[in-house]
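Undergrad: Take these sequences, add in the hints, and give me the full structure.
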Amino acid sequence: MDIEIRDATPYDADAIARIYREALGYEYMTGDIVRAKLAEMNARGGYMTCVALAGGAVAGVISAQRALALEIAGEYVTILGLAVDAGVRRRGVGRALMEHVENAARAAGIKHIMLTSGFARTGAHAFYERLGYCKRSYKLVKGDKY
Numbered sequence: 001m002d003i004e005i006r007d008a009t010p011y012d013a014d015a016i017a018r019i020y021r022e023a024l025g026y027e028y029m030t031g032d033i034v035r036a037k038l039a040e041m042n043a044r045g046g047y048m049t050c051v052a053l054a055g056g057a058v059a060g061v062i063s064a065q066r067a068l069a070l071e072i073a074g075e076y077v078t079i080l081g082l083a084v085d086a087g088v089r090r091r092g093v094g095r096a097l098m099e100h101v102e103n104a105a106r107a108a109g110i111k112h113i114m115l116t117s118g119f120a121r122t123g124a125h126a127f128y129e130r131l132g133y134c135k136r137s138y139k140l141v142k143g144d145k146y
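Each step along the sequence shown adds one to the number in UniProt numbering, with nothing skipped, and position 65 is 65.
Hint data in this document are derived by calculation from the structure and do not stem from the laboratory.
Cβ coordinates follow ideal geometry from the N, Cα and C atoms, glycine included.
Treat the hints with care, as some may be off.
What the hints assert, rightly or not - In the BS3-like style, the derived pairs of lysine-lysine whose C-alpha atoms are separated by at most 27 Å in a straight line are: (1) LYS139 / LYS111; (2) LYS111 / LYS135; (3) LYS142 / LYS37; (4) LYS37 / LYS139.
What the hints assert, rightly or not - Restraint ranges, calculated between C-beta atoms of paired labels, are given here: (5) ALA43 / ARG90: 34 to 42 Å; (6) ILE33 / ALA104: 23 to 31 Å; (7) ARG6 / GLU75: 20 to 28 Å; (8) TYR28 / ASN103: 28 to 36 Å; (9) CYS134 / PRO10: 34 to 42 Å; (10) ALA39 / THR122: 29 to 37 Å; (11) MET1 / GLY132: 16 to 24 Å; (12) LYS142 / LEU68: 20 to 28 Å; (13) ALA43 / ARG6: 16 to 24 Å; (14) ARG136 / ARG66: 18 to 26 Å; (15) LYS142 / ARG44: 22 to 30 Å; (16) GLY87 / ARG6: 32 to 40 Å; (17) ARG130 / GLY45: 27 to 35 Å.
TA: And the structure:
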């Protein structure tokens, strides 16, 4: 399958919202929410949201953020979200999106990439481990679910 990766645009918002609802269970996600978030991320800077196209249609999405931490030399990247359309899973879309972010980080001289994944997403954990990621910590959250 030919996969093209490009920056997400407001025109992709409805497809991104559908994939987030179906793949990740974010029932509240709408195209309007995605459009607003993309605009805010672009205005703030330091964010990267890309879509994977397969056959001209949005097949997956990844969002990442550059950040700083006292304990990490230089910047690091956090993968904020990765979702792939159910119809094209296990065909290289997720891997292509992850490699795109990894390559962008490497080109910027960034060596550390982090992500979080829900406890129940064991298939996702195995996917990330196949890409070389390892479990190092727990994420603790206070406040609303989303």
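Undergrad: Next step is simple, just say for each hint if it's right about the structure.
TA: These are the hints, each one checked on the structure:
no. : hint                       : result
1   : LYS139 / LYS111            : holds, 21 Å
2   : LYS111 / LYS135            : holds, 17 Å
3   : LYS142 / LYS37             : holds, 22 Å
4   : LYS37 / LYS139             : holds, 23 Å
5   : ALA43 / ARG90: 34 to 42 Å  : holds, 36 Å
6   : ILE33 / ALA104: 23 to 31 Å : holds, 25 Å
7   : ARG6 / GLU75: 20 to 28 Å   : holds, 23 Å
8   : TYR28 / ASN103: 28 to 36 Å : holds, 32 Å
9   : CYS134 / PRO10: 34 to 42 Å : holds, 36 Å
10  : ALA39 / THR122: 29 to 37 Å : holds, 34 Å
11  : MET1 / GLY132: 16 to 24 Å  : holds, 23 Å
12  : LYS142 / LEU68: 20 to 28 Å : holds, 22 Å
13  : ALA43 / ARG6: 16 to 24 Å   : holds, 20 Å
14  : ARG136 / ARG66: 18 to 26 Å : holds, 20 Å
15  : LYS142 / ARG44: 22 to 30 Å : holds, 23 Å
16  : GLY87 / ARG6: 32 to 40 Å   : violated, 20 Å
17  : ARG130 / GLY45: 27 to 35 Å : holds, 32 Å
In summary, the structure is inconsistent with hint 16 from the numbered list given earlier, while agreeing with all the others.
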